[in-house]
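Chains A and B supply the protein sequences, listed in that same order. Residue numbers are given in the working numbering: position 74 of the first sequence equals residue 74, and the series is strictly consecutive. Residue numbers are given in the working numbering: position 7 of the second sequence equals residue 7, and the series is strictly consecutive.
Treat the hints loosely; a few may be bogus.
Claimed, not checked - Partner residues are not named here, just some residues of chain A that face chain B (Cβ under 8 Å, in silico):
{"#": "1", "residue": "Gly47"}
{"#": "2", "residue": "Leu51"}
{"#": "3", "residue": "Leu55"}
{"#": "4", "residue": "Thr86"}
Claimed, not checked - Which chain B residues stay away from chain A? Per the calculated CB distances, all over 12 Å, these:
{"#": "5", "residue": "Val8"}
{"#": "6", "residue": "Phe26"}
{"#": "7", "residue": "Ala34"}
{"#": "8", "residue": "Gly73"}
{"#": "9", "residue": "Gly86"}
{"#": "10", "residue": "Thr89"}
{"#": "11", "residue": "Pro94"}
{"#": "12", "residue": "Gln96"}
{"#": "13", "residue": "Ile97"}
{"#": "14", "residue": "Ala116"}
{"#": "15", "residue": "Leu117"}
If you are wondering where the hints come from, they were derived from the structure by calculation, not from laboratory data. Cβ atoms here follow ideal geometry from the backbone N, Cα and C, with glycine treated the same way.
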Amino acid sequence: MALHISVRFATGNFAASLSYEYVISNYQNFTYALLLEMILILVSVHGFNGLRGILLDYRSGFKYEKAVNWGCFISVLALVTYGTITIVLANQIKLGF
Amino acid sequence: MNPTGYGVSRVSWLLMRISGIYLLIFFVVHVIHAMSVLDRMTWGQLLFLTYSPLGFVVLSVMIALGSFHCLNGIRLMLNQGGIGIGTPTRPDYPYQIQSMGKKNRLCIYVTMGVSALALYAALGVFFKF
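Only chain A is shown next, with the shape it has when bound in the complex (with noise of 0.2 Å):
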């Protein structure tokens, strides 16, 4: 994650890193790419991990901990899946120059 922010301060311009070009390229390093896909499934996991025992700790119940325990599974794999879309269909964009 910190590598992913310092990238915006790299340039030492944090409009110009935010230029159309500058962030399709970014896009379509495959290193970078690739860092992009690991924080996505990351963060996703974690965040809703975290969310899951937040809202576990202050109900109970089988049904409420089922709802809980699928809501935030699937709200994972939708959220990979629309991120992974992002990052894959940005790869084959071409720039005109």
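Add chain B to chain A, keeping to what the hints say.
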């Protein structure tokens, strides 16, 4: 949920949860927002949201809470490994909590200080002061 009357460890526990929820909401919105990169026009339009005073504040708070969540998480991992929680002793009066010694409390205060510095630095970068 009441953080008062239980010492700094309860405050760090509450901050850990608040920062976790904030970071998760930020992450989900960030992933959805990132899809706009597939269209140059949409990317440009949504960039106005990021490149605004509100966007800068949201990003700065994310960096500060992210720093706290990361550093406090490392402290908790070390604690779970038995590092920094002291040695077990018989509970004698005045019943000092071994697991929340001076070093552990100092770690929490340092984590809060580093987060505050991260917030100041991030605001400085975004608002150029």
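Going through the hints against the structure:
With a least beta-carbon distance of about 4 Å to chain B, the hint placing Gly47 (chain A) at the interface is held under the 8 Å criterion. About 6 Å separates the beta-carbon of Leu51 (chain A) from the nearest beta-carbon of chain B, less than 8 Å, and the hint is met. Violation of the interface hint for Leu55 (chain A) is found here, the shortest Cβ-Cβ separation to chain B being roughly 11 Å, above the 8 Å cut-off. Interface hint at Thr86 (chain A): satisfied, since its Cβ lies 5 Å from the closest Cβ of chain B, which is below the 8 Å cut-off.
With a minimum CB-CB distance of about 20 Å to chain A, Val8 (chain B) clears the 12 Å threshold, and the non-interface call stands. Against the 12 Å criterion, Phe26 (chain B) falls within the reach of chain A, whose nearest CB is about 10 Å from its own CB. With a cut of 12 Å on Cβ distances, Ala34 (chain B) falls inside the contact zone with chain A, its closest approach being about 5 Å. The beta carbon of Gly73 (chain B) is not kept farther than 12 Å from every beta carbon of chain A, the shortest such distance being approximately 9 Å.
With a minimum CB-CB distance of about 26 Å to chain A, Gly86 (chain B) clears the 12 Å threshold, and the non-interface call stands. The non-interface label for Thr89 (chain B) is consistent with chain A: the shortest C-beta to C-beta separation is roughly 30 Å, beyond 12 Å. Distance to chain A confirms Pro94 (chain B) as a non-interface residue, since its nearest Cβ pair spans about 31 Å, more than 12 Å. Every C-beta of chain A lies more than 12 Å from that of Gln96 (chain B), the closest at about 28 Å, which supports listing it as non-interface.
With a closest Cβ-Cβ approach of about 22 Å to chain A, Ile97 (chain B) is found to remain outside the 12 Å limit, as its non-interface label requires. For Ala116 (chain B), the shortest C-beta to C-beta distance to chain A comes to about 18 Å, beyond the 12 Å cut-off, and the non-interface label holds. Interface exclusion of Leu117 (chain B) from chain A stands, the closest Cβ pair being 15 Å apart, more than 12 Å.
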